[in-house]
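**Student:** Below, each chain spelled out in residue letters.
Number of protein chains: 2
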Amino acid sequence: MAKNKPGIPRGTRDFGPEVMVKRNFIFETIKSVYKKYGFQPLETPSMENLSVLTGKYGDEGDQLLFRILNSGDFLSKSQVEDFEKGYKHLTGNISGKGLRYDLTVPFARYVVMNWGQLNFPFKRYQIQPVWRADRPAKGRYREFYQCDADVVGTDSLICEAEIVAMINEAFEKLGIEDFTIKLNNRKVLEGIAEVIGEQGRQTELCVAIDKLDKIGLEKVNEELIQRGFSQAAVKALAPFLNMSGNNFDKLAILKEQFQNSETGMQGLKELQEVFDYLELMKVNATTVEFDLTLARGLTYYTGAIFEVKVNNVQIGSVSGGGRYDNLTGVFGLDGMSGVGISFGVDRIYDVMEELQLFPSDSSEITTALFINFDRESERYCLPVLQQFRQAGINAELYPDAAKIKKQMNYANKKNIPYVILAGSNEIANRQVTLKNMQSGEQQLLTPEEALEVITK
Amino acid sequence: MAKNKPGIPRGTRDFGPEVMVKRNFIFETIKSVYKKYGFQPLETPSMENLSVLTGKYGDEGDQLLFRILNSGDFLSKSQVEDFEKGYKHLTGNISGKGLRYDLTVPFARYVVMNWGQLNFPFKRYQIQPVWRADRPAKGRYREFYQCDADVVGTDSLICEAEIVAMINEAFEKLGIEDFTIKLNNRKVLEGIAEVIGEQGRQTELCVAIDKLDKIGLEKVNEELIQRGFSQAAVKALAPFLNMSGNNFDKLAILKEQFQNSETGMQGLKELQEVFDYLELMKVNATTVEFDLTLARGLTYYTGAIFEVKVNNVQIGSVSGGGRYDNLTGVFGLDGMSGVGISFGVDRIYDVMEELQLFPSDSSEITTALFINFDRESERYCLPVLQQFRQAGINAELYPDAAKIKKQMNYANKKNIPYVILAGSNEIANRQVTLKNMQSGEQQLLTPEEALEVITK
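So the sequence lines, in the order shown, correspond to chains A and B.
For the first sequence, the positions run 1 to 456 when the working numbering is used.
For the second sequence, the positions run 1 to 456 when the working numbering is used.
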């Protein structure tokens, strides 16, 4: 064996066939839902100019960008002084491109570049890897897929309702039954900031509230005090974060509280309208929980915000999104409102493994393996094999006349449900033996009969 | 509009919805064929350690690798002396990873790393982008997809025959009718080197012959002379490169010539066996042309080599592959024979555009757009829309009550085949107007009837 066994970079993964089949099940399911709601595919380059990427994800994000060394003599424009000024300075000289960090900024860049040609409202889905030079850890990778859908160029709240419908449908198709779609609205949080006497400070409020799950109310309050929120404000905030009752109870209570907050009332109106649309569309809204503690941190959201939790599984949110008023402003195109959703495929994978939800059959897998006894059986099987394939069956002949046990092992390891054997007896009678690998049952059949059994 | 309109790196592309739908048609078609023949998906990381990538593609290939700057203070291990020694020296200090250059080396690396767990013969397909810092030109990109299938761990020639079958099936499904699969065998080229008196020089011979298409016989001969081939050898080579007749004629002629070349005879035997398998499998072999001038340059092939040309279209080969005896030797694992095929998706795309072969309908596209007249029509349409979606139809409601012309334009630009209109008359009668966008025909129907028309 290899002396120096090769490896892969930390935080990256190979996806072998077994894992790929499962991942593809998730991707295809989500994709089918996106398409059903009118979203169409987009792909952008893995590399973007650094001018597109930097300054979009905060200082921390800039640190986490993977940068690509310029081709050829990348030092041609650098002097020793540049070297001596340190790596941060040198970076700009030797690297002009980086790997995409998410799918949102490239999407915004695409919309701005193609604005005149696009068909608005523009509904796109995008399923591609992104890269972050994060410290690798359990569940945290340096390369991972994002799975986004966004519609831009409309502020219709039908889009929000359709996002709820898509989430319901995607999880139902994946077999995940017990989940909660947490829904809030940034305008409601803005209203809360107003009524607790900290008008205009909703961003800091969101960043603090966002940690509620992780650090608890006491620490959140401490952080708010540190950020200069008044004791009275922190005290006034608590009932909001502890509010109980169903969605409509909460809306009613807040309506009372927001008498003097126009923005807060607007947020409630939007939420109410989303619930109205859901009812009209007969979409199951029992999965939706209006959650005042949902804040989604330092993001650019301005209206509805979403997050999906799978209940009774210890894992963070598996999906999230929201409405933004100004996706493309950073590239100089203002007033482009939209709303988006993103599914966390790695976490959904882990949930489905834990709950054993992956289907055992798959169109990705070979359905029938023909055993290769010898030259004669090979000659007999090959035309039958092609006949099966022409009927749309994924099938293969073991390419060598290896030991039968080895061939059966091959079928088992590959999860192939049927094995077909043709020794001299079968050949003499123009038959085959069809073996069901799960039940162990064997049948002596004509090739056509075997095909019929398999096709069912 | 934007002051500084953002751009994308040279040699990279955005794929908008219209192009993606067509590209996906190609990918899905090829994937379905790969699966039918028992190949299973693999994905490897975009980044590989440079130790895995360098030295595998020749000096030129090493130059074309995209290298990723180490994260954090990438200069921490470098001194001014390192800087002064120039970029080639510094690279090793500041960059440990690169973007994959092809899918073959990562596949070999994967096989070596997972050798003990794999199910041999291991059949994998892999469809992922690769990156090359090449000078961008028409049809030459810095990021492009490869679409490979390989089987390793067997030297059965059934695999070669199945590759021919897969190529036939893929092109048939794509609608490309007039194509030629050029087939040769490296052992035959080795035999030719022997019989023209230049034994052991088949690599140089292959590199020269490979240019025949581009530079013509005269220049090939000049190159061979320059490389030190004798005048007699060059003269003896000509009849091989000009050989006419059908595949079996050529095999018969060569059999005569190869009386004293064991390797040459072995190559002929292999070719004959592939043709025998094709006949047995009832695979159309009229697409296959035994072509002695097919060499496939400086690659690691040792047996069969393939290349596919679309006839009557000015474009290079659209697919290629071959058998190699030692895929993983470079990583210390010897004796891993295999055979592979790769489809050139960008060229296939261009061919299909030129020949107008893309289907006009697609499951990726929205089938029905509901027009949004006003609040009342919206309320009426939304439950019908959901009913359509539950029946598996990709459908959408225009989210705003915009001008009808704008909404119809939206449907046209998105190639949506049906538009559904419900004004006050339709609503009063619990009907809809179904408009076929291609024929212009309009029908007044119940929602259920409309669904039936669309589903057909």
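Think of the hints as simulated: they come from the structure by calculation, not from any bench.
Certain hints may be false.
[Unchecked claim] With a Cα cut of at most 20 Å, we get these calculated EDC-like pairs of lysine to aspartate or glutamate:
(1) A:Lys77 with B:Asp334
(2) B:Lys85 with B:Asp62
(3) B:Lys31 with A:Glu28
(4) B:Lys269 with A:Glu172
(5) A:Lys35 with A:Glu222
(6) B:Lys77 with A:Asp82
(7) A:Lys22 with B:Glu28
(8) A:Lys77 with B:Asp82
(9) B:Lys35 with A:Asp134
(10) B:Lys282 with A:Glu376
(11) B:Lys22 with A:Glu28
(12) B:Lys88 with A:Glu81
(13) A:Lys88 with B:Asp249
(14) B:Lys22 with B:Glu364
(15) A:Lys85 with B:Asp73
(16) A:Lys31 with B:Asp400
(17) A:Lys5 with B:Asp334
(18) A:Lys31 with B:Glu28
(19) A:Lys35 with B:Glu18
(20) A:Lys35 with B:Asp361
(21) B:Lys88 with A:Asp82
(22) A:Lys88 with A:Asp155
(23) A:Lys173 with B:Glu143
(24) A:Lys173 with A:Asp350
(25) B:Lys269 with B:Asp249
(26) B:Lys88 with A:Glu84
(27) A:Lys35 with B:Asp210
(28) B:Lys31 with A:Glu364
(29) B:Lys31 with A:Asp361
(30) A:Lys269 with B:Asp400
(31) B:Lys77 with A:Glu81
(32) B:Lys403 with A:Glu172
(33) B:Lys182 with B:Asp210
(34) A:Lys282 with A:Glu177
(35) B:Lys85 with A:Asp73
(36) A:Lys85 with B:Glu81
(37) B:Lys85 with A:Asp155
**Student:** To test your reading of the hints: which numbers does this structure violate?
**Tutor:** The structure breaks hints 1, 4, 5, 9, 13, 16, 22, 23, 27, 32, 37; every other hint is satisfied.
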